[in-house]
Every structure is written in C-alpha cells, then in structure tokens.
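Work out the full structure, taking the sequences as your base and the hints as a guide.
2 protein chains.
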Amino acid sequence: MPRQKKIRSLKELLEIVKKSPGQKVLVLAGAEQEEGLKCVQEGRRHGLIQPLLVGDKKRIQRLCRSLKMPLRGVEIVDEPDPKAMPAKAVELCRAGRADILMKGTVGTADILRAILDRDKGLGRGGLLSNITVFDSPIEKRLMFMTDPAVNISPDVARKADMLRNAIDVAKRLGYARPKAAVLAAIEKVNVKDMPATVDAAVIAKMGESGQFPDCDVAGPYALDIAVSKEAARMKHIEGPVAGKADILLCPDINSANILYKSLVYFSNREMANAMVGVKAPLVMSSRSDSALTKLYTLALSAILAQDQEAQ
Amino acid sequence: MPRQKKIRSLKELLEIVKKSPGQKVLVLAGAEQEEGLKCVQEGRRHGLIQPLLVGDKKRIQRLCRSLKMPLRGVEIVDEPDPKAMPAKAVELCRAGRADILMKGTVGTADILRAILDRDKGLGRGGLLSNITVFDSPIEKRLMFMTDPAVNISPDVARKADMLRNAIDVAKRLGYARPKAAVLAAIEKVNVKDMPATVDAAVIAKMGESGQFPDCDVAGPYALDIAVSKEAARMKHIEGPVAGKADILLCPDINSANILYKSLVYFSNREMANAMVGVKAPLVMSSRSDSALTKLYTLALSAILAQDQEAQ
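Protein chains in written order, with the working numbering: chain Y, 21 to 331; chain D, 21 to 331.
No lab work stands behind these hints, which were simulated from the structure alone.
Among these hints, one or two may not hold up.
The list treats identical chains as one, so a pair stands whether inside a single copy or across any two.
Said to hold, decoys possible - No more than 30 angstroms apart at the CA atoms, straight line, and that leaves these computed lysine-lysine pairs for DSSO-like:
| no. | residue 1 | residue 2 |
| --- | --- | --- |
| 1 | 108 | 31 |
| 2 | 26 | 160 |
| 3 | 31 | 249 |
| 4 | 160 | 264 |
| 5 | 39 | 26 |
Structure (structure tokens):
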C-alpha cells in the first residue's frame, strides 16, 4: 500500500518509525554476537523494533551480561545448533511471531537457503534483491539504488525484477510515481560493445509500454544525465526522468557496489539497506556500516514490514 | 621522468604549471567552436598553454570577433576541410610545433584514427586510455582512476596496460611508488561468477612478481577497502595498499564512469582528465565539464607534455 506522503530524508524515516504505534518484531538469527546484539538493542532503545533472539540461550545470556545489556522483556528462543538457527528464525516469521529477519552469527548461504526453501521459506515467487536508500545530495528527497550486494550480473529479465522491487520500496516510502534511470556509461545504445546500454534500452521500452505501472523509466543514462538537470540540459536529453531520477538501476554488482561505497566514503552519506522480494524484510548488516546506517536500516525494515502487513 | 615532490592537489598542480617557464603549445583540431575556443583562451589567460588553431580560418576569425576573443599572437593554420583537420593537427604535433592535441569540432572517431595511424600518427605501441585525477576526499593528496571514458570492457592484459598508463601519470605527478587497488565488489576471488575478481587477482599477483615496477598493487578490493583504513582494519585486510590506494583500477567503463560522475555530482569534486598512451597528451573536454575541470585538464596535459619532452 503506497504511503500518502513522500518521506524526504532518512532522518524523517527514522522519526516516522519511532512514532509509529505497534513495534515490529525483529528476529536475530544467531544472536551470540556482540555486533548483532548491539544493533538490535539500539533499535529497541529508539523504539524501532522489539527483538526476538534465536541461538544458544546460555551463551546469549552470558554475552549480554558481559556487555551489560539488559535482557528484560526480550524473548530468547533456545536453539543451540547453528545449522538449525536459520530455519528456526524463518519459522518464527512464517508463524507471524516475527516481522523482520536479521542475520546474526549464521552463514549468509545458510540463511538464504532457509529463506528460499520452497516449502518452509519466505519466498513469494519474486526475486531477492538489495535496495539502498539514501538522501539525495542534490535535492531534499530520498534516492534508491540497486543492487550493490546480491545480484551479480543480472540479465535483462532479472534487471526488470530488480526494478520492480525498487519501485515497490519507493512507493512504500511515498514516491507514488517514481522516476527510474537505467544506468550505463553513455546515452546511446551501443549494440556491439556495450550490453548495459542494450539492457537499458529494453527496460526503458518496457517502461514506455506500461510494463512498470506508475513509474517513469528512462535509459540508457550515464549517471550525470540521471541526476543533474544541468547535465541533461547541456546534452539535450529530455523527459520526465532526465536529471530527476529517484531510482538508479545499476548495470551490475561492480558498478552498484562502487557507487554505494563512493557515496559512503567519498560523500559521507548514510544509507539504509533492505533486502526485499520475500515475505519479511531481511537485514544483513555489514560490519563496516556506521551505527547510524544500521539504525536507518532497521527503520527502513520496520516501515517495509508495516506495509507488508497492510497488503 | 618522475617528479621529485608529490603534487598534493589539483590547485597545486595548476599553480605549478602557471609558474613553469616555456608554455606548451596546444593545437585545437577544429577550432570553429565556441566551447573549444573559450577553453583554450582560458588556458592561455592563465598562462597554461599557447594555443594553435586548426580549422577554417575565416570562420574562426569571425567567431572570435563575435565572442570578442582577442586573437593577437595566436596562430591559425587554415584547413577548411573538416576531414583533413585531425591529420593536420597530428602532423603539427609530430613536427614538434605542438605538444598537446585537443579535440574541437572534429569527430571523436576521426581524431582517434589520425592519432592511431601507423605511419603518420602519434602512437608509441601502447594503449590509449583515460586517467582521471582528483583530490582525495579523505587525505591531502591526489587520487587517480581509470578508465571512465575509453576502454569499454578491458580483458586482463588490457587492464595491465591501463594500470601501466596510470602508474606513469602518478609518477609524473610525484607519486614515486604509487599504491594501486584493483577494484571489484568483494575481496575474495569468485572464479565462477565474478570475472572482475579473477582479473584483479591476476593483476595483483603480477604486481607481487614485480611486473609493475615501483608500484604496490593489491586486489580484488571493494572500494571501501581501497580507500578507508578503518574499513580495511575492520575486515582484517592488511598490506601497503589497503585503505591507502592512490590508483583505482575499475572493472569496466560502467563502474568507472559511474564512479567518476558520483564524484562530480554527489561529492562536488573537480577532476582533471588525461588521455594518455600516445606521444602527445590528448584533451577531449566534455561539454558538461565545469570551467575549473577544463582548466585542471589543461594543466594536467601541460605537465604531462613537459615530462614527455624530458623523456
């Protein structure tokens, strides 16, 4: 269900979630981990989520004591077998006892396997992809990019699915008709040497044919054409997306990951990350994420979980 | 010939060139163009270069009058045939009458053909590649990246040549032993799905074997590992390059072009661009480059031409 009003910054997103009634429950799969515990405790302290811990109960309790973390009111589901933790956490989501799934000590491959399990998983037939949300450095609004983390070298069909997921997230944050730019290095289609421009042409044409409802799609665009009105004007590129893109669909994981890290390390941006395309938002926090990025990521997951329920 | 002292910013580069005795001559191929004329006049005004104009003499004179640009002391080589302009400009470089070649109205393909002509061109058997120089947003020093403009999807041999060109430019700006990071999305080699990590491993190993003299090479590195000491520390990645890279070798033109434009439009960085690998630095200014980026580009080309002569 699209939100009525645009959320214009990560800070605003955080405030909205803080004020929302009825906290979402986040299940931490493999909670015997300082980093994960600290993150969910911070989320709890800010009123973003209510944690539910899955793992070796005694070890979790011991770690919390040594870290002086209060466990009052926090439920721990005892599951000492690391191999069984992912399925247990997924099961709690399926049973409606948790709304958000977060990776703790468990392996990435293990948790993905549990999520994508055909019978007991959280799949809904779509694609699992990563969407990053950040404050536009140019205007007072959010921007969305995909996919710096999961889909390595997506073909055009998968790119269309990645775009669908990104549009879904944008709409849930109030971008009723998001503008999406399919990125490449140039604006012309180079059939012979640049597959990214060919994919972009296909996706843009799908957009023109109405295959991404309530979304303007354009490309191939170099990044400047997507985000700078001045650059678009100088290169005589027009249309609703030129210079005003909300969503940046990157050619592959290399370009998306480099863009993500350029924003963090060269532009000092905070980000919020969501793994979407399954029934419960998935949080896979990276150790090098800042404390604020972790908090924004929890807030984003909480708001996506709210809307999930409303659907 | 490597410079003795590191140049630590684009501003410093500009000042050094301004103070250098003996201006380099820049030949503008196809000078009947407001943008190109303005750029070379600015370079002249700042004492960076002495222009030499190739094109339709009458049209150039008329345009300069209408733009109120003084032509006193500027030589014009009359060549009214657009098809003949690139070869004429290249010939002036070969004859030692010009040190830097700049593209004006002539087509990109035409000027590249003239440059790469086996008998009458400016080739020296190496690779033509684009190096971008910018102020590190993290430390008081320059950074070098390649290749956002020319080499589309280089194989590993070409990447090695691109790195050689970048090392050469870094040394000419005083980076006696540059640190080069070969970028990908992750630090582990994924043989099956991520060719960029495989290429990076090969290039890094070539570096360890001394195949890039006086340069530390490492990779595959995600961008954070290349530029952030903190990120490298947290992910336990060590070595002389981790967190301290001077040179960023990008996987392909998409990722490099997106990084370039992220720096310009999201981080408000100025850049200096050089096309290198031929006997005279080549300037291919983009319309959307800022006035300052154009000036820095001329300064970079002038300093590269100085050293070219000294070789």
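Verification of the supplied hints:
1. 108 x 31: neither (33 angstroms within a copy, 58 angstroms between copies)
2. 26 x 160: within (11 angstroms within a copy, 39 angstroms between copies)
3. 31 x 249: Intra 25 angstroms, inter 27 angstroms, cutoff 30 angstroms: intra and inter.
4. 160 x 264: Within one copy, since 12 angstroms is at most 30 angstroms while 33 angstroms is not.
5. 39 x 26: within (16 angstroms within a copy, 53 angstroms between copies)
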